[in-house]
Amino acid sequence: VVLEPNGFSEDGASHAALVAPAVPVDGNGSASSMSIEDLLRQVQECKVVLESNGSSEDLLGALLKLKKCGCLPTKVLGDTLIGKTVNAVAKGAEDDAVR
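Under my numbering, the letters of the sequence shown match residues 9 to 107, in that order.
Bear in mind the hints are in silico, worked out from the structure with no lab data behind them.
A portion of the hints provided could be inaccurate.
Below are the DSSO-like pairs computed for lysine-lysine, each with C-alpha atoms no more than 27 Å apart in a straight line [unchecked claim]:
id, residue 1, residue 2
1, Lys55, Lys73
2, Lys55, Lys76
3, Lys99, Lys75
4, Lys73, Lys99
5, Lys92, Lys73
6, Lys92, Lys55
7, Lys55, Lys83
8, Lys83, Lys99
9, Lys76, Lys92
10, Lys73, Lys83
11, Lys75, Lys55
12, Lys55, Lys99
13, Lys99, Lys76
14, Lys75, Lys92
Pair ranges (Cβ atoms, derived) [claimed, not checked]:
id, residue 1, residue 2, range
15, Lys99, Ser41, 27 to 37 Å
16, Glu53, Ala105, 18 to 28 Å
17, Glu45, Asp104, 33 to 43 Å
18, Glu45, Leu72, 15 to 25 Å
19, Val56, Lys99, 10 to 20 Å
20, Ser41, Glu102, 10 to 20 Å
In this text the structure is predicted, and so the values were computed from the model without any measurement.
The beta carbon of each residue, even a glycine, is placed where N, CA and C say it ideally should be.
Required output: the full structure, derived from the provided sequences and hints.
Here is the structure:
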């Protein structure tokens, strides 16, 4: 499927589910001012903390930092594999707040 910039294919059919946002969206629905490079750097920093099996406070801090990033673009998710890390932390965490 070839998509036009508006998320529609040449035949006019909507394929919005196939289109990832170009920039993350914060909780208010407005676009974040962070560049992809800044997001990658911040997500990688959080990933290091999450993989270090640190204290619950450190894990919660990293998770909150990720939450503040909003919706992450597909490139960031694919390059960092942060989803797998977050799932592993959730499964292995003893603290309910971290889960």
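Right, here's what the structure says about each hint:
1. Lys55 x Lys73: The given pair, whose Cα atoms are some 11 Å apart, holds under the 27 Å limit.
2. Lys55 x Lys76: Holds: Lys55 and Lys76 sit about 14 Å apart, inside 27 Å.
3. Lys99 x Lys75: holds (18 Å)
4. Lys73 x Lys99: OK: Lys73 and Lys99 at ~19 Å, within 27 Å.
5. Lys92 x Lys73: Cα-Cα ~17 Å, so holds.
6. Lys92 x Lys55: holds (10 Å)
7. Lys55 x Lys83: holds (16 Å)
8. Lys83 x Lys99: holds (25 Å)
9. Lys76 x Lys92: Within the cut-off at roughly 18 Å; holds.
10. Lys73 x Lys83: holds (18 Å)
11. Lys75 x Lys55: holds (13 Å)
12. Lys55 x Lys99: holds (15 Å)
13. Lys99 x Lys76: The hint holds at about 22 Å.
14. Lys75 x Lys92: At roughly 15 Å apart (the allowed maximum being 27 Å), Lys92 and Lys75 satisfy the hint.
15. Lys99 x Ser41: 27 to 37 Å: holds (33 Å)
16. Glu53 x Ala105: 18 to 28 Å: holds (21 Å)
17. Glu45 x Asp104: 33 to 43 Å: holds (35 Å)
18. Glu45 x Leu72: 15 to 25 Å: holds (22 Å)
19. Val56 x Lys99: 10 to 20 Å: The hinted range 10 to 20 Å holds for Val56 and Lys99, with Cβ atoms some 19 Å apart.
20. Ser41 x Glu102: 10 to 20 Å: violated (37 Å)
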